[in-house]
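Undergrad: Work out the full structure, taking the sequences as your base and the hints as a guide.
The residues making up each chain are set out below.
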Amino acid sequence: MIDHGHIQDARLSEYLDGELPEPERLEIETHLAGCDSCSRLADELREVITHAHQLETPAPAEDLWPGIEARLTTRVHPIARWFRGGNSGPLRISFTIPQLAAAAAALIVFSGAGAWWMASRAPMNTGAVAVNRGASGPFGTAAPNTTSTQPGITPAGTGSAPVTRGSTKNAVMTASFDESRYQVAIDELTQVLRTHRDQLDPLTVKVLEENLATIDRAITSARKALEADPGSGYLSGHLAQQLELKVWLLRRAADVVAAAQG
Amino acid sequence: MSLAAGGDRRAFERLYRTHVPRIHGLARRMIGNDDATEATQDVFVRAWEKLGSFRGEAAFGTWLYRLAINLILTRRGRRAIQWSRHTNDEEVLHGVESKPSTSELSMDFETAIGHLPEGARQVFVMHDIEGYRHEEIAGFLGVTSGTTKAQLHRARMLLRRTLQK
Numbered sequence: 050m051i052d053h054g055h056i057q058d059a060r061l062s063e064y065l066d067g068e069l070p071e072p073e074r075l076e077i078e079t080h081l082a083g084c085d086s087c088s089r090l091a092d093e094l095r096e097v098i099t100h101a102h103q104l105e106t107p108a109p110a111e112d113l114w115p116g117i118e119a120r121l122t123t124r125v126h127p128i129a130r131w132f133r134g135g136n137s138g139p140l141r142i143s144f145t146i147p148q149l150a151a152a153a154a155a156l157i158v159f160s161g162a163g164a165w166w167m168a169s170r171a172p173m174n175t176g177a178v179a180v181n182r183g184a185s186g187p188f189g190t191a192a193p194n195t196t197s198t199q200p201g202i203t204p205a206g207t208g209s210a211p212v213t214r215g216s217t218k219n220a221v222m223t224a225s226f227d228e229s230r231y232q233v234a235i236d237e238l239t240q241v242l243r244t245h246r247d248q249l250d251p252l253t254v255k256v257l258e259e260n261l262a263t264i265d266r267a268i269t270s271a272r273k274a275l276e277a278d279p280g281s282g283y284l285s286g287h288l289a290q291q292l293e294l295k296v297w298l299l300r301r302a303a304d305v306v307a308a309a310q311g
Numbered sequence: 014m015s016l017a018a019g020g021d022r023r024a025f026e027r028l029y030r031t032h033v034p035r036i037h038g039l040a041r042r043m044i045g046n047d048d049a050t051e052a053t054q055d056v057f058v059r060a061w062e063k064l065g066s067f068r069g070e071a072a073f074g075t076w077l078y079r080l081a082i083n084l085i086l087t088r089r090g091r092r093a094i095q096w097s098r099h100t101n102d103e104e105v106l107h108g109v110e111s112k113p114s115t116s117e118l119s120m121d122f123e124t125a126i127g128h129l130p131e132g133a134r135q136v137f138v139m140h141d142i143e144g145y146r147h148e149e150i151a152g153f154l155g156v157t158s159g160t161t162k163a164q165l166h167r168a169r170m171l172l173r174r175t176l177q178k
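Residue numbers (my numbering), protein chains in the order written: chain V, 50 to 311; chain B, 14 to 178.
Hints may contain errors.
Covered by chain V, according to a simulated footprint, are these stretches of chain B (three or more residues, beta-carbon under 8 Å) [stated by the list, open to error]:
| # | stretch |
| --- | --- |
| 1 | 25–38 |
| 2 | 44–58 |
| 3 | 136–149 |
| 4 | 152–165 |
| 5 | 168–176 |
Derived from the structure by calculation, the hints contain no laboratory data. For glycine and all other residues, C-beta sits at the position ideal for the given N, C-alpha and C.
TA: In C-alpha cells:
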C-alpha cells in the first residue's frame, strides 16, 4: 500500500520484479515519478538485486570429490526407465545416420569375428576367455570387445596372435558362464521396446529390429555350437560377446532416449 | 548423464565438477560456510543414490538443484521463517563491517547475506541469486507466496543498508 504518501511494503519489490498487475504497476510508477524518497529507495533496491545477480559462485576451496566418491555405493542401472514416456506425451526417437552406421559396422565386425571363430574352433578346450566390457561394468557403454585371449589362434592376415585390449578390469569368463545375467537385461529391454514400439520412429524400429535379428541368429548359432562342444571356452566367449552386443545395442537406444530427454 | 545413471563414477564425477560451484554456493549462502562442505557432499551422494529415479523430464541441473534445496532445508529445518519473524531487523546487520573499498564490496555483500534472518536469507538466495519464482520457493518452504514476497522485501531492505555504508 502507499501509506502516508510512501510505498511501505513488499509491493515495491514486486514492482521491481515485474510481478504486479497493470493497475498497481501504473499506480506505483506514477508515485515514483513524483516522490524522490520512494524513487531513491527503488534505486537502492535495484542495486541490491543487481549485486545479487552478479555474485560469483566459485568452486569450494577444497576438492570435495574424494569424500563423495568414498561414500558412493555400487548401483544397478534400471534400464527400463529410459523408455518411460511419463506424462509428456508420446516420445518419438530417431537414430542418427552415424549411429545406425556405427551399429551396422559393429554388427559386421562381430558377425565376421563370430563366423571366423566358429570356422576355426578346432582344439578349443583351454578354459578361459577374456571379454572386455568397457570401463563401466558388464553392461557398460563401451562397445563389446571381440578380441580373444586364446593363444595360437590368429585371424587370417592379422599377423601375431591377438591379445586382450582394454583395461586391467577385464573379467575372465569360464566356459560355463551364466547367460542369465545377460538375459535379464535383454528381456527387460525387449519388453520395454515392445511396449513403446508405437512411440518410436518406425524407421528406427525397423533398423533396430533387423540388427537385433542378425544378432539373434548369431546367438542361436553359438548356442548350437556350444551344445555340441560344451567345454569350449571359445564358444562360450563367442556367445557371451553376441549377448553383450545385443545388450550394448539396446543400451545405445536407451542412451538416445536419455539424450533426447535432456 | 546416462553414463552416470548407469553407474559410471567417472561420468558422475564430471557432473560433480560441473555443478559443484553452484551447489556449494547455494549451501554456503543458505546454511553458512561451516556446514556447506558437508551439505554439498550429502547432496551429491544423495544424487548418486537417486539417479535411478531421475526420468529426464527436467534438465539434470534443475533436478539436482531442487534436490539440493530440499536437502539443505531439511537439514536446517523449515521453521526458519517462523523464527526469523522474531529477529530485530535493526540488529541484523550490526556485525557487518563497512567496506568502502569497491573491490571488497561483493565479499561484504556476501557477509551481509550471511547475517540476514534465516527466513529472509533463504528466500533472498533462492529468488535473487538462484532465480526461483515465489511459487516455487513457497513450495520448498511450505509457506504462502505472500510470505516469501514479504521476506524477500525484508531481505532487500536490510541489504540495501550494506551497500550504502
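Undergrad: Hints numbered earlier in the text: which of these fail when held up against the supplied structure?
TA: none
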